[in-house]
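**Student:** Spelled out from the first residue to the last, the chains are:
Number of protein chains: 4
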Amino acid sequence: MSEIAKYTGVFPIAPTPFNPDGSIDWASADRLFAYYNEIGSDGATVLGIMGEAPKLEPAESLEILKRAVKALKGKPIIVGVSAPGFAAMRSLAREAMEAGAASVMIAPPSTLRTDDQIVTYYAQAVEAIGTDVPFVIQDYPLITSVVMSPGVIKRIVMDNPSCVMLKAEDWPGLEKLSTLRKWQAEGSLRPIAIMTANGGLFLDFEMDRGADGSNTGYAFPEMLIDVVRFAKAGNRDGAHDLFDAHLPLLRYEQQLGIGLAVRKYVLKRRGILASDAQRKPGGALSALAKAEVDYLLTRLARTDRRAAL
Amino acid sequence: MSEIAKYTGVFPIAPTPFNPDGSIDWASADRLFAYYNEIGSDGATVLGIMGEAPKLEPAESLEILKRAVKALKGKPIIVGVSAPGFAAMRSLAREAMEAGAASVMIAPPSTLRTDDQIVTYYAQAVEAIGTDVPFVIQDYPLITSVVMSPGVIKRIVMDNPSCVMLKAEDWPGLEKLSTLRKWQAEGSLRPIAIMTANGGLFLDFEMDRGADGSNTGYAFPEMLIDVVRFAKAGNRDGAHDLFDAHLPLLRYEQQLGIGLAVRKYVLKRRGILASDAQRKPGGALSALAKAEVDYLLTRLARTDRRAAL
Amino acid sequence: MSEIAKYTGVFPIAPTPFNPDGSIDWASADRLFAYYNEIGSDGATVLGIMGEAPKLEPAESLEILKRAVKALKGKPIIVGVSAPGFAAMRSLAREAMEAGAASVMIAPPSTLRTDDQIVTYYAQAVEAIGTDVPFVIQDYPLITSVVMSPGVIKRIVMDNPSCVMLKAEDWPGLEKLSTLRKWQAEGSLRPIAIMTANGGLFLDFEMDRGADGSNTGYAFPEMLIDVVRFAKAGNRDGAHDLFDAHLPLLRYEQQLGIGLAVRKYVLKRRGILASDAQRKPGGALSALAKAEVDYLLTRLARTDRRAAL
Amino acid sequence: MSEIAKYTGVFPIAPTPFNPDGSIDWASADRLFAYYNEIGSDGATVLGIMGEAPKLEPAESLEILKRAVKALKGKPIIVGVSAPGFAAMRSLAREAMEAGAASVMIAPPSTLRTDDQIVTYYAQAVEAIGTDVPFVIQDYPLITSVVMSPGVIKRIVMDNPSCVMLKAEDWPGLEKLSTLRKWQAEGSLRPIAIMTANGGLFLDFEMDRGADGSNTGYAFPEMLIDVVRFAKAGNRDGAHDLFDAHLPLLRYEQQLGIGLAVRKYVLKRRGILASDAQRKPGGALSALAKAEVDYLLTRLARTDRRAAL
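Protein sequence lines, in the order shown, are assigned to chains A, B, C and D. Under the working numbering, the first sequence has 295 at position 270, and the numbering climbs by one with no breaks. Under the working numbering, the second sequence has 318 at position 293, and the numbering climbs by one with no breaks. Under the working numbering, the third sequence has 203 at position 178, and the numbering climbs by one with no breaks. Under the working numbering, the fourth sequence has 249 at position 224, and the numbering climbs by one with no breaks.
Hints are not guaranteed to be accurate.
Chain copies aren't distinguished; within one or between two, either way the pair holds.
Derived DMTMM-like pairs (lysine to aspartate or glutamate); straight-line CA-CA distance at most 20 Å [said to hold, decoys possible]: (1) K315 <-> D157; (2) K201 <-> E77; (3) K293 <-> D157; (4) K179 <-> D141; (5) K207 <-> D141; (6) K201 <-> D262; (7) K95 <-> E211; (8) K179 <-> D262; (9) K315 <-> E200; (10) K98 <-> E63; (11) K179 <-> D55; (12) K305 <-> D184; (13) K305 <-> D141; (14) K305 <-> D157.
Hints listed in this document are in silico derivations from the structure and should not be mistaken for laboratory results.
Using the sequences and the accompanying hints, generate a full structural model.
**Tutor:** In structure tokens form, the structure reads like this:
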């Protein structure tokens, strides 16, 4: 399998399970990764923004990765290595690759503004981690404040042969996706994988627009897997029917800041996590918000029995 | 009716109809306002961000307002008067009130950062427009970059008796809404109306959280009206059922920047606008995007016949 | 004289004089413009950020411009027309040109991020004002938050033949200035004038780097005129000696937000303005700050007698 | 000596010396710290923004600190521990204190907006590092984009007894400094030290406004020491005379991004650093910029013989 062809299907974004005392809940972590594998995930991403990576000690991070590698039995694992300094990014990237990661993911720091600044940053990052380490561009302006035009993404991809994938989570992002795919069809942009994210809010149409799959963290990754499968099989209505049934909950989970609490709460209700705790400082759902999520689950269960908890 | 009690139900945000040559399509404007009135809107907002107000000549703006006042037969009209300078804001506000507006809406300029800066800005704005002009706070960080904590909103409301309403479109915003309503219940925040917006993405739960209604611009305001009516009548499931049927399209229309093109395209397909043109510089939907909207309309029509075009 | 050759020497940025009651002090305005002319200014800029333009009524703005045109006896006047909407920008620009302005100045709105967004904005602005109106690019990231790389400036200049000048006030900005001049020397960037600003904080070296002059608003424009004259005559040490003597005060005046109050206070002490009032909302110097400025003036007067007040 | 009384006088911000190959130049580091001690520095700050801390390996960071502690013979050392995650911040802070640091310095992350968000962040940071670790607030909006009103600083200081100092580098900042000192005089703000920075651009007046000293990194810390000494001795004119002589160079060094290259270049010319190299990715001065610095040094040497190199 080529380095690029690996990135297709569904790669869930893994949250990091904690015990209520703030220690890592390793049993839940093992259960979560095993579950990802069983439902047919094609890989996973660990230590991203939603994995509470900045709250982890280096040894904890490495252990999370190792358990994911083991449980997912060789499927590709993407590891977030964004860091304010290139020394830390390099260490994280080298250690991750040694521990079995398939590639590393890099988001631009929020200070970047001009096209040239962004392109230069990725050149420096690649020099820091080494050109032998496959990397993923994370394009997520809602979080980073950095806006990358399609042309900037093209320059990064063409300048750096070790770029294997774009994690596309700009919003709005459908036309951007079409532009990049058109350039690839015309041959002006070399092949890379494009998986989409931003909570999956537009996965239904992103598949039509040519995405290779989904790299996001909704609490029912089975839905993402089914939608991607339906879409690839040409079952457009089936993909939309399932997606639409989940959209009220998915939209609720896609809220910045609160989303992780929703995700962990649902995963706990599903019996996959023992606790919905976040390591401090972390958010928690109000009683009202939990009741709203419960209500959404009840409504969803009318269509998708996997939500009947 | 008290100044505050006016702001309840649904106040659509009116787009400004243009002919393909960029001139205002007055016939469509009249049709649009008459339509708002007929379906049971409780008021309307004109000259907001989605009304392409910055592209209008002063005389055009005033004429739009006058036609809205006439067609909506005395229902309250909110007029956007955000401007970089207080001279322009004052002129707009005074002219709007003379032309029959019920109140004016003010968004904070993007340069504001600290709590005190925001509070001071509103004090200065009120001094500029006059304390006799009722005003609406627009809280829309996705557009303005200005983040107002609940405490800042409280200070603005308590400092300025002419504040009649909060247009709540922070995202996430449910807990903020609950906090403000709790303060009002406790008596530490005086009564003002709170209508929600941000494309209506959370209207289903906002009604549960105590919103007075919806002040946004979805292309099927009938849905907003029904959802608000169901919610106020205690028909929670009915409200969610209808809302969920519209959510795939509503989510598509809520995209920043593209949303207005979607809205105008649907209003044109519905026969309310003669053209979906925007005055330059404006966006347009790609053929692919139009086909996606058509597909969403077809799917929606299975549940809501008003979408069968 | 070619359209571009006009922009050389010193163009003071004019503050707008107010009476303590907030009305415009026309006598001071006439005195100020006459004074600019007498000391040998080569032109002037009115209605810029430091001219409190957003607080002026349209009729006031036009009258300011007309008086500047008259007092400066045909020397070129640049008029700030930055506005949130192209309708207002167009009106301002057309009226300004009819009233005798030489060109209009446009700063990018703070929402722009990518290179393409900035280039597109200027294309739209030029379409709005008309290709027959000479315009000045204002590059002032400290105020606008928009960062323009040299390549973006080049694209704007090459795409729009009506661009006559860059007002260069990026910080740091010396290397940017050198890059643009190098491109002009090589022929890849067509000739335009480059005048520098940002309070004059680097005027000493900007002249060495190839600036055509100064377009800023220090309270002693005579100093700017002398420094530019010395620099053009090859008297480098003389330019630096005079500049350095003024630097402590100039640095004090270059503070964002407070700078205008300092400038007006000094101009009042010099007898040019009758009052240092700003129209509301405006800043005022504390007693301590005034004493600091007085102290700086006393110290400056030891070297430059024009500061002996 | 109380924890707070330590922070007075001049604490240079130490750059990290590198060899041209990117390795740390330990001999230069030792020479630099010894030099700080000899000229009468009262302490120092290491591993700040200007110390290229994000490019250092953890072991390197610790070694830098240890050498500073040793060379400065027990004078207080402040260590920058700003980090995107509290795990890393905690590790750095605990290790720094064990290695002999006097306190740690924390800047707010650029995502913070509201007053409450900033106050909460510091509460969380203090919980992470431990309430036994003295800390310094870094208020530097030009770099962090976070604007702290005086009231926010007050809340942080009053909420967290382990806060010992404010590093004040807001710009403009004189009135803010006066407000904080007034509150301390009135008793509504408990005593903490306030040292100023932002390249020293306003040190002359900051001492008059009540600063305890300077905590910045100009290439002639002797000047800072003399100015602070003169000011404390009531020799106001002497302080300004010396400051003004250095201001042209100091202003040149205060440029964001380029400043560190200027500082290292001058320290190399002074024989304190063997090389002006920065670890990659780092900036370098153009030949023209070096010539400009040389020219400024020559001019300065006419007044201050320490600049005769």
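**Student:** The structure should be examined with respect to each hint, and the outcome stated for every one.
**Tutor:** Do the hints match the structure? See the list:
1. Proximity of K315 to D157 under the C-alpha cut-off of 20 Å is found in neither arrangement, the shortest distances being 45 Å within a copy and 37 Å between copies.
2. Neither within a single protomer nor between protomers do K201 and E77 lie at most 20 Å apart by alpha-carbon distance, with minima of 29 Å and 24 Å respectively.
3. In the homo-oligomer, the alpha carbons of K293 and D157 never lie at most 20 Å apart, since the shortest distance is 39 Å inside one protomer and 36 Å across protomers.
4. In this assembly of identical chains, K179 and D141 lie within 20 Å of each other by CA distance both inside one copy and across copies; the values are 12 Å within and 14 Å between.
5. Proximity of K207 to D141 under the C-alpha cut-off of 20 Å is restricted to the inter-copy arrangement: shortest distance 19 Å between copies versus 23 Å within a copy.
6. Neither within a single protomer nor between protomers do K201 and D262 lie at most 20 Å apart by alpha-carbon distance, with minima of 24 Å and 37 Å respectively.
7. Taking the shortest Cα distances, K95 and E211 never come within 20 Å of each other, neither inside one copy (39 Å) nor across copies (54 Å).
8. Taking identical chains as interchangeable, the C-alpha atoms of K179 and D262 are never at most 20 Å apart, the minima being 33 Å within one chain and 47 Å between chains.
9. In this assembly of identical chains, K315 and E200 lie within 20 Å of each other by CA distance solely across copies; the values are 12 Å between and 35 Å within a copy.
10. Taking the shortest alpha-carbon separations for K98 and E63, only the intra-copy value of 11 Å comes in at or below 20 Å, while the best inter-copy value is 61 Å.
11. Taking the shortest Cα distances, K179 and D55 never come within 20 Å of each other, neither inside one copy (38 Å) nor across copies (46 Å).
12. For the homomeric pair K305 and D184, the shortest alpha-carbon distance between copies (19 Å) is at most 20 Å, but the shortest distance inside one copy (40 Å) is not.
13. Taking CA atoms no more than 20 Å apart as the test, K305 paired with D141 passes between copies only; the shortest distance there is 17 Å, against 37 Å inside one copy.
14. Only between protomers do K305 and D157 lie at most 20 Å apart by alpha-carbon distance; the minimum there is 19 Å, versus 36 Å within a single protomer.
Violated hints for the displayed structure, listed by number in ascending order: 1, 2, 3, 6, 7, 8 and 11.
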